[in-house]
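S.K.: As they're listed, the protein sequences go chains A and H. Under the numbering used here, the first residue of the first sequence carries the number 1, and numbering increases by one thereafter. Under the numbering used here, the first residue of the second sequence carries the number 1001, and numbering increases by one thereafter.
In short, the hints are calculated from the structure, not lab data. Heads up, a few of these hints could be off.
[Claimed, not checked] Counterexamples of contact, computed for chain A against chain H with all Cβ distances above 10 angstroms:
| hint | residue |
| --- | --- |
| 1 | 302 |
| 2 | 330 |
| 3 | 337 |
[What the hints assert, rightly or not] Only part of the chain H face toward chain A is listed, based on derived beta-carbon distances under 7 angstroms:
| hint | residue |
| --- | --- |
| 4 | 1252 |
| 5 | 1253 |
| 6 | 1285 |
| 7 | 1349 |
| 8 | 1351 |
[As the list claims (entries may be wrong)] Computed list of lysine to aspartate or glutamate pairs in EDC-like fashion (alpha-carbon distance at most 20 angstroms, straight line):
| hint | chain 1 | residue 1 | chain 2 | residue 2 |
| --- | --- | --- | --- | --- |
| 9 | A | 445 | H | 1142 |
| 10 | H | 1294 | H | 1237 |
| 11 | A | 95 | H | 1284 |
| 12 | A | 95 | H | 1281 |
| 13 | A | 249 | A | 225 |
| 14 | A | 130 | H | 1346 |
| 15 | A | 65 | H | 1346 |
What you are looking at is a predicted structure, and each value in this text was computed from that prediction instead of being measured. Glycine included, every Cβ here is placed at the ideal spot set by N, Cα and C.
Each chain, written out:
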Amino acid sequence: MKRRTVLARLGALSFGSTLPGLMPKEVLVPKTTIKKGQIEADVLVVGGGTAGTIAAIQAGRAGMKTVLIESGSQLGGTITTGGVAYPGIFFAWGKQVIGGIGWELIQDCVSVNNDVLPDFSVPHGRQHWKHQIQINPAVYSLLAEEKCLSAGVQIRFYESPVSAQFKRGRWFVRLQGKGTETEVTCKQLIDATGNAFVTSLAGFSLLREQETQPGTLQFTLGGLDDRKVDRDLLLQHYDAAIERGELKKGEVTNLSAFFGNNGVTTPQHIAGADSSTSVTHTLANIRARSSALRILRFFKKVPGCQNVKIGMMRTEVAVRETYRIDGLYKVTHEDYVLGREFRDAICYSYYPIDLHNEDGVTPNQLTDGVIPTIPLGALIPTDSENLIVAGRCVSSDRLANSALRVQASCMAMGQAAGIAAALAAQGDCSILDVPVQEVQQAIRKHGGILPDFKEGL
Amino acid sequence: MVSRAFYLWILLGFMGTSAVLAQPGRYSFFSSSTDQLDLQRQPHRIEAILTEFENGPDTLFQAVDEDLTPLYYYRHIRDLSCFGEQCRPLNINLYWSITGSYLGFDLPEAEYLSKTDHEPFSVLEYERMNQILSDSTSVLSDLAEADLVDDTDRPIPQVDAITGATKTNLLKQIVPGAAYTTYELWHIIYGKTREDIVQQTLQRLSPAILTRLLRSTETFNKIWVLNLIASTQECLDDVSELILENISPENYLLSERAIRAINPCMLASAEFQAALMDKIDQLDVVQQKMALSKFKDLSYLSGETQARLNRYLEKENPMIVHTVLEVYSGRDVSPPAIRSITTLLEESNRFVSLKAYDTLLSMKITDERTVEQLKHYQKQISISNTSAI
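For reference, chain A alone in the conformation it holds in the complex (with noise of 0.2 angstroms):
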């Protein structure tokens, strides 16, 4: 063939391809730019944890135009990406006291799965764990999910706020995501972070103990068998590695409990795990990570322990306590335990005054008959408009939150946020404004349970 004609082939095949050097089918495409766009909502939802979930799926059941924003991949928190898989408590002194789209959401997970349900007419005694129900987080991620999209949803995972504003009834609320800026303005904000992390950001004040609970890396270990092992030598072990720094002091909690655990729970703390920023929390999994390795380090070299091998690990630390809003009103420990029924509640809690700390915890269970409540007001940071919080950072002293933290209460709190922001969506007015009643009586029509309020508000 010809030189010349050759060259023109060449030509017209590279020409072909749209462009020079590329294969056939592959197309250049223009450099990435960051996708900017802007969203309409009634509803916004921060963090689709325990909380932010149910408050996302209640506002749409409730006819809102509802987005929920996730930084990670997945919905549930603390019981899907923390993998702490047993929510409670639902029941108390043998009836069900927190109900609602939490309540089907589990009864959904364990239908699906063909699991069990406990015993609640047996009383828990001083074992409160046995009224908390296991379920598998996979079935919740993908129940919860599914509950969202059919309420109407707009799910948008790996977005985060950067800011927040209030202006002219509306909150202007900027997310940054993986290629995305997003611009959402909605009528009412729910802060589901967990963390109190939008309430920060739109400029209120939070509250922060010196000390927090301890953080928890769920994992288990497996190859481990007690009867192989001998108890002094381990505790000897033990003893040693902490004078070297192979273990460090407090992040294991019970050694023996390793021994065939089931990841129900792990014996694990770490001291001061904070999932509110980046940094906080990338800090939070990698000590998190080390102390794993360094337990499973430590159990290899304690005779009848060499075949220990990692069961299955999750992939983030579950954080207990962060930060919490100066709300309208701060539940004490003294209302949680005496089981004070606020005028303005707007749902149960029930759970043990439960404070990890360096020692371990020792829950300290209610008194017979009391079922605390959660008032709105714990719900609403001071001075703010149609902003509403749920979960964890709610407004309490610090033993009353170690109790009204868990998962069960979480979801009724969320449910009760979701139909305080929809209400106060429908009438394009501020939160306070929607007569706590109405917001009582949409709790209740939803499923939610509340005190019989006898004498009426």
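Here the structure of chain A is known, so what remains is to put chain H in place on it, guided by the hints.
M.R.: This is chain H only, laid out in the frame that chain A set:
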């Protein structure tokens, strides 16, 4: 083997408290479970079943009636109870119901349980032992034998965030001075023996056993048989009414299990559909949803069922309305049902109106008026994707 005097004391046990057999030197303690009434019945035969247990082969005894229906089970436990270098035999009979729940224990004549240094149990300690053995949810299930050693001088915190079993709390879970005996007996009762008993009972399963268990006053038995029924798709006409009896707000778990046990075969009859609808009215919304969802997979909905489902379309709870719409989806339903669904197009709550729209579309409605209403709805609301998911 059990004696006549023993039956008298079983009766006293049934009246609410554990009892000590009057016969001198013979100790016998039973739980307050009404299953122990089966122990009063003279068995037609005792079957000896050689079984491999955790500690090796042993005999599981099965008492059966004339129809070879199991009445109860028991094992003779023979072991050594050692303290230091001194050992004495542990000689005790343990009893279980046909579903594997613990009934009680007795000891052969002149035998007794003992503690540290072989000190005999007091009556209170026998009662305490029986109480612990009756607790299927004891923390003993989560403990290893090594955890029974009192090691209070160790610096490691012993608090377990799940079991709550501190060294102090452990004393409440055992008979003091007889920790290992308590532990060993508890694990025998709730270990492999229980599984083997269930397998033996399943081999002799009959409608009579299902009925007996559903009529039991013991929740454990009912749940056991409801779980069993839930795994089958058979009609089980003999027990379908008994299943319905357990659907009520009184015991959430029992009600939930009963709902799960209902299958399409049972719901094929109009009478059973009506009976279930009667129950649904009494339930909380989540169990209402569970029960209403049972109608989804049925090929036949009676006229009465449809009329009652239509009333649920008027409920305030959007989730319940959604559930009924899902039952109706894709079906030929009565004109009143279509009218009820069409009314929902005017609902201000889009979650409800959109579902009503989707449901009507799935029915391939030809009625002109309804078709017009659907077109009107479509214009009113921007619909880019008519399916909810």
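S.K.: Please list, smallest to largest, the hint numbers that this structure does not respect.
M.R.: 9, 13, 14
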